[in-house]
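Going down the list, the protein sequences come from chains A and B.
Residue 315 in the numbering used here sits at position 255 of the first sequence, with consecutive numbering throughout.
Residue 64 in the numbering used here sits at position 4 of the second sequence, with consecutive numbering throughout.
Keep in mind that the hints were calculated from the coordinates and are not lab data.
Watch out, some of these pointers could steer you wrong.
Unchecked claim - Using 25 Å as the maximum straight-line C-alpha spacing, the simulated DMTMM-like pairs for lysine to aspartate or glutamate come out as follows:
#, chain 1, residue 1, chain 2, residue 2
1, A, Lys188, B, Glu79
2, B, Lys188, A, Glu79
3, A, Lys75, B, Glu79
4, A, Lys212, A, Glu376
As the list claims (entries may be wrong) - Restraint-style ranges between C-beta atoms, simulated for each label pair:
#, chain 1, residue 1, chain 2, residue 2, range
5, B, Ser330, A, Gly161, 17 to 27 Å
6, B, Arg289, A, Ala316, 44 to 54 Å
7, A, Ala125, B, Ala142, 29 to 39 Å
The C-beta atom is built at its ideal place from N, Cα and C for all residues, glycine as well.
2 protein chains.
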Amino acid sequence: MQVVYSPAHLRHDPKFAIEQSRLLPTFEHVGRAEAIRETLQTDARFRFSAPSEWGLAPIEAVHDAGLIRFLARAWEDYQVAAGPTADVMPDVFYRPALRRGMGERGEPEAVQAQFGYWCFETTTPLTKGTYEAAITAVDTALTATQYVLDGKGTTYGLCRPPGHHSTSGMYGGYCFFNNAAVAAHHVASTTGTKVTVLDVDYHHGNGTQEIFYDRDDVQYVSLHGDPARAYPWNVGFADETGTGRGAGANINIPLAARTEDDAYIDALHSALEKIQAFGPSMVIVSLGLDTFFTDPISDLAITADGFERQGAAVAELGLPTVVLQEGGYDVAALGDNVRRWLIGAGA
Amino acid sequence: MQVVYSPAHLRHDPKFAIEQSRLLPTFEHVGRAEAIRETLQTDARFRFSAPSEWGLAPIEAVHDAGLIRFLARAWEDYQVAAGPTADVMPDVFYRPALRRGMGERGEPEAVQAQFGYWCFETTTPLTKGTYEAAITAVDTALTATQYVLDGKGTTYGLCRPPGHHSTSGMYGGYCFFNNAAVAAHHVASTTGTKVTVLDVDYHHGNGTQEIFYDRDDVQYVSLHGDPARAYPWNVGFADETGTGRGAGANINIPLAARTEDDAYIDALHSALEKIQAFGPSMVIVSLGLDTFFTDPISDLAITADGFERQGAAVAELGLPTVVLQEGGYDVAALGDNVRRWLIGAGA
Chain A
61 MQVVYSPAHL
71 RHDPKFAIEQ
81 SRLLPTFEHV
91 GRAEAIRETL
101 QTDARFRFSA
111 PSEWGLAPIE
121 AVHDAGLIRF
131 LARAWEDYQV
141 AAGPTADVMP
151 DVFYRPALRR
161 GMGERGEPEA
171 VQAQFGYWCF
181 ETTTPLTKGT
191 YEAAITAVDT
201 ALTATQYVLD
211 GKGTTYGLCR
221 PPGHHSTSGM
231 YGGYCFFNNA
241 AVAAHHVAST
251 TGTKVTVLDV
261 DYHHGNGTQE
271 IFYDRDDVQY
281 VSLHGDPARA
291 YPWNVGFADE
301 TGTGRGAGAN
311 INIPLAARTE
321 DDAYIDALHS
331 ALEKIQAFGP
341 SMVIVSLGLD
351 TFFTDPISDL
361 AITADGFERQ
371 GAAVAELGLP
381 TVVLQEGGYD
391 VAALGDNVRR
401 WLIGAGA
Chain B
61 MQVVYSPAHL
71 RHDPKFAIEQ
81 SRLLPTFEHV
91 GRAEAIRETL
101 QTDARFRFSA
111 PSEWGLAPIE
121 AVHDAGLIRF
131 LARAWEDYQV
141 AAGPTADVMP
151 DVFYRPALRR
161 GMGERGEPEA
171 VQAQFGYWCF
181 ETTTPLTKGT
191 YEAAITAVDT
201 ALTATQYVLD
211 GKGTTYGLCR
221 PPGHHSTSGM
231 YGGYCFFNNA
241 AVAAHHVAST
251 TGTKVTVLDV
261 DYHHGNGTQE
271 IFYDRDDVQY
281 VSLHGDPARA
291 YPWNVGFADE
301 TGTGRGAGAN
311 INIPLAARTE
321 DDAYIDALHS
331 ALEKIQAFGP
341 SMVIVSLGLD
351 TFFTDPISDL
361 AITADGFERQ
371 GAAVAELGLP
381 TVVLQEGGYD
391 VAALGDNVRR
401 WLIGAGA
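With these hints in hand, go ahead and build the complete structure from the sequences.
Put into structure tokens, the structure is as follows:
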């Protein structure tokens, strides 16, 4: 199986995050992607290649131009405005209700406040090289997608930073640009065919849902920890089924805590039926391994065998498939869990 | 001069806050109010009394019932949901754009996410006794106001936590309930007369502005660091003048960095002219001493003499006056700066 990887992800090098009222070492760090790379490189099934450069146009087709400009310059601007800070996070958040009756003003003047305008939480530090890494993660997704479009079979894009929490206009949840959404829009818009994003990360991909919520050319299907108890908390409920032309093209399957392999595979099969009914030309998998039973920030109970079964179930669709890396935080097991999923998918 | 004070503020005992991408000792701590109390107690001009209890009704008249319920229970709920945590802060913030096309859902199910629904930033820890302290700060404001209504002359309410950043539906900026807004609404609604809130804190009182923005019975007049460079960043601009019946009753005077006493007093005189034109029965001063030249989080250049001149200028209005404590973070100078302001005001 083809793997697309770039060491450019190392330039996104956060050291800590603010979670649960504490300053913690970040769960999303350079070691995650390196652990995956090392494991796959020891297995002859996987062939590595580097991403090609796709430029900003595919990102601009999905994300607010202001968000892109902000991410390109904000770290440097913050150093000037607030002094040397390796990991920059928002502290004050723009909420429209703050300006009740006053009208919208748009992006604040001060860069310190711009962070809380373009981001929705505190766990996603912007570092010196984040923008370049995020651009390369999109390039990785698009290059993997092109391999599939070119008929080279199921391809894995080792994207880092991940993407599925980033909405059209906001970043967060360890994500900056929505790699899977950029790839899905690219395929749908350049081929005129329908595309499905199947999200098996523990966390609901609120960003992908938001981007495609009113569209009928991209279906979003997600299995995830119920947002009543899990990040991203405010989005990902079963009653969110799409709007307008997109009505029916958004499918959320919230799962109970400690869901095990058999129950997960059952839920996945019902998701795959919805995908077959939609009739996409391609499936883009947002692959999270944080459903693993020892994941430090999640509460499902999937095993390595379960990941291989997931990959096999998706492969049974018989559709061109791109697999893009999202979460997974038990780093000791992460590489092998990815390997097993991809073996299931036909590696 | 009568001073209303309660040691109940000690129950709001935050140790740190997240500001500028760092975990810092909080600038708003118990030592602030104690420094003021100690200084005023050494001066025979000041007579101390305790607040009486006013119950929840005056708060419910100004704040969302859901916010009040949340603040009453959230710290305990968080201990159960997320484990022992003395200082609780939000990490994920509800932004309506996250649910673009999906409709509103209201307060999230999980308490961890409720923090980011009812709060707009990370510098305002909720601690075990915060709710009781915040209730007592409102009682302090209302008791001081009652002294003035009873004809006992200018009265100072040593409120802590402060209040002016809290909006009708959100807390933040070291504030929980908006003490000055509750007092102003109480006077306006029980006497049928007009009231002015004059805010001389360094930071714009976005909460007070939001609460009264569409009302013509409460005027809000603020001098503050320009939000183009200062917290609260998103609100406090000169073009925000009120809406509907409140049109013209909101007056913002943003000030340049390093503004000194003479320029400040000039700006204050123009504010006082607007107050005279409005014709209130009472002036409630939101007193911040963070305009002081050595304040650690602000950038104006007011001196102790300047504070006495401010108090004297307000006294020249000849209106019944309540002075309620807001900010001020150079704790070594804080007590004397309050004392000088109140001496100017006639203590």
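Verification of the supplied hints:
1. A/Lys188 to B/Glu79: holds (19 Å)
2. B/Lys188 to A/Glu79: holds (19 Å)
3. A/Lys75 to B/Glu79: holds (17 Å)
4. A/Lys212 to A/Glu376: Since the Cα atoms of A/Lys212 and A/Glu376 sit roughly 17 Å apart, the hinted pair holds (cutoff 25 Å).
5. B/Ser330 to A/Gly161: 17 to 27 Å: Given a distance of about 24 Å, which is inside 17 to 27 Å, the answer is holds.
6. B/Arg289 to A/Ala316: 44 to 54 Å: With Cβ atoms ~49 Å apart, the hint holds.
7. A/Ala125 to B/Ala142: 29 to 39 Å: holds (37 Å)
Hint violations for this structure: none, all hints satisfied.
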